[in-house]
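The listed protein sequences derive, respectively, from chains A and B.
Counting with the working numbering, you get residues 4 to 425 for the letters of the first sequence.
Counting with the working numbering, you get residues 10 to 312 for the letters of the second sequence.
Simulated from the structure, these hints should not be mistaken for laboratory data.
Please note that the accuracy of each hint is not assured.
[Said to hold, decoys possible] Take a look, some chain B residues computed to stay more than 10 Å from chain A by CB distance: (1) V54; (2) V85; (3) F185; (4) P249; (5) D310.
[What the hints assert, rightly or not] Pairs of lysine to any residue, SDA-like flavour, derived with a Cα cap of 20 Å: (6) K88(B) with S306(A); (7) K83(B) with D104(B); (8) K262(A) with R16(A); (9) K86(A) with E307(B); (10) K222(A) with T366(A); (11) K222(A) with R293(A); (12) K150(B) with G132(A); (13) K222(A) with E307(B); (14) K222(A) with S306(A); (15) K150(B) with K262(A); (16) K94(B) with R16(A).
Computed from a predicted model, the values in this text were never measured in an experiment.
Positions of the beta carbon are idealized from the N, C-alpha and C atoms, including for glycine.
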Amino acid sequence: MSSHEHPHPIHTRFFTPGTIILTVLAALGAAAYVYRLLAGLEATTNLNDQYPWGIWIAIDVATGVALAAGGFTTAALADIFHKERYHVIVRPALLTAMLGYTFVVIGLLADLGRYYNVWHPMLPSMWQGDSVLFEVGLCVMIYLTVLYIEFLPIVAERFRGQVNLPGPLRHLNHIIESFLAIADRNLGRFISIFIIAGVVLSCLHQSSLGTLMLIAPTKIHPLWYTSISPLLFLLSAIAVGFPMVMFESLLASKSFKLKPEMKILSSLARYVPILLGVYLAIKLVDLTIRDAWPYLWEGSVQSVMWMIEIGGGILLPIILLLQERVRKSVAGLLTASTLVIVLGVALNRINVFLVAYTPLYPTGTYFPSVFEIAVTVGLISALVLVYRLLVMNLPIIAGEEEVEYRLPREVRRNTAQSLEQV
Amino acid sequence: MAINRRDFFKLAAAGSATLAAGQAGASGSEPFDCSESYGVLVDTVVCIGCRKCELACDQENTKSGRAPSTFDDKSVFDKHRRPDKNAFTVVNRFDDPADPAKSYTMKVQCMHCNDPACASACIVGALHKTPQGPVVYDAWKCIGCRYCMVACPFQIPAYEYDNALDPRVRKCTFCFERITEENKMPACVSICPNEALTFGTRQRLLEMAHYRIRTNPDLYVDHVYGETEAGGTSWLYLAPVDFTHTELPVLEAGAMPSLTETIQHGIFKSFLPPIALYGLLGLIMHATREKRDRVAAEEADNE
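Hey, can you work out the whole structure from these sequences and the hints?
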């Protein structure tokens, strides 16, 4: 009944000019990361007592979590609302979320002064129910576990009955095999519990990330300081989920020479202007209620950044995606989704955590150091590489190879000639 | 009890104001009564800017190894300084805006808030307000996230960025051990030669501050800073000029963490909202699955 194949490992070369560049960037990032652990924060970052948080929090953590939202929005659409045709994008979105959150944690560890204490929030004796960060931390830890559990059936599907580790590792074969068998047999029955839990946990910590900066009313610019910030964070995370799926799917098709899933992506794109519209409407109403419009005309860095965020990242993609022509074109979808991801959501998180933040006794402004940028760029590069590696080895993508749709050259020429004759 | 219309509107207005602004009292953690906790009154009218408090603090706490004579150097007043990891308190000199010929000096350090934002923010409870007054820090709990530094409305916590292995958050300790176990006054208060610093219970200090204002109205502005700011602080200030001209920030009366705590405790009220969301999604999942199966069965019948 379905026109789609079952997901299968993609056969292609790992190294291309693009992935070689990414490998170099990832290696540089890894070197910067190790140097940070050995030399400390002062030697590697531009953080100081005025600016305690930089891009490792604003991009690696806050933006990373937001952009991994495709995992829970897609799961909700396909597995909870049972929109069956979107099943084909559930696995890629799940993989993005799993890798996204894993790299969020890796990025966070670089920023923590005492990274080896990162497990402390799990100790009941240190639970701190007043702390927004405590809730975010605990939710992220549990959600990451849920994502790994949700991903397990994919691993079991591929490797069950074929576990064959070489050398001294072969003693593990039997254990891994029985683990996969148990997972394969039983997870299906309970997976709904985890899928719903994933959505609830996501709603909780996506919103709570928006509560974080509300503890510093005197330091946050009024354009972003609003008590409904948690709602705005949740709505923008939900709105960026599908554009993220579209963006990745199109890039994967291009890179792996697969037929773009335009039918599914175009119909997925219909939801985006609605979700963005709700977000935008609430944001503007909030601005009006708080009498914050005048701050838009003050000509400050903050007011310009707000306009870029809203104009380029929310309004423009809404206008684009309302047109069927744009929704049906690869370039159109790619442009619109990139705008939402980069300007609508990534810039929003950077704005809330960095641009809107003004210390009380500033002696300068914060700009990330070479090491900070190297780590952030390296983590993103590494994420793309691991994604490629897993997609090449696990049944994630259900794409049909484009070549299959091309008729042999002779047939095409003959067809063209016969058409001309008509 | 009958509620008349006017009372109802008052209640409703109060309720929505609480929701909107998260005023003190709505805060989840019950901030205990700090009137019998220790505090310090800083009288900047009396302060002569001798920097002895900086010296005493360094010898008691930071132990930076600076020679005592370095603290006699008044040229540091040319530049505005802030407390940092090597100095929990610093004295600055400011010109009187009304009369440039006159100036006053002001010591700054952690204010030891009654309902501290740093402690509310802390992910592991490494910072907490003691019933005795001081806000203290347990380095062994700390994960080094520096959210306390983001949260502090006085921008006091400093960080040992240069320490790669076990960096600490650094700030005034209010000489916690000295005042609770050794029965002494904080080092800075003990050394102050002009009694610009007074140690006592917060209640007594407030009475004393208002008495000084009342008896010398031409010397002081009628404002005890810290009485209401940020929900009240253990350290209180008197000044010869309006506090908007001092380096202390203008803050509203509500406790800083009240909004975030209202949101947090609202979302997790007996865990009901998450459980309700879970149940709702479960129902939707069940209903849409049945519909899907029914449609599939009908299609199969038709064929």
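What are the numbers of the hints that this structure violates, sorted from low to high?
Numbers 6, 13, 15, 16 - these are the hints that the structure violates, sorted from lowest upward.
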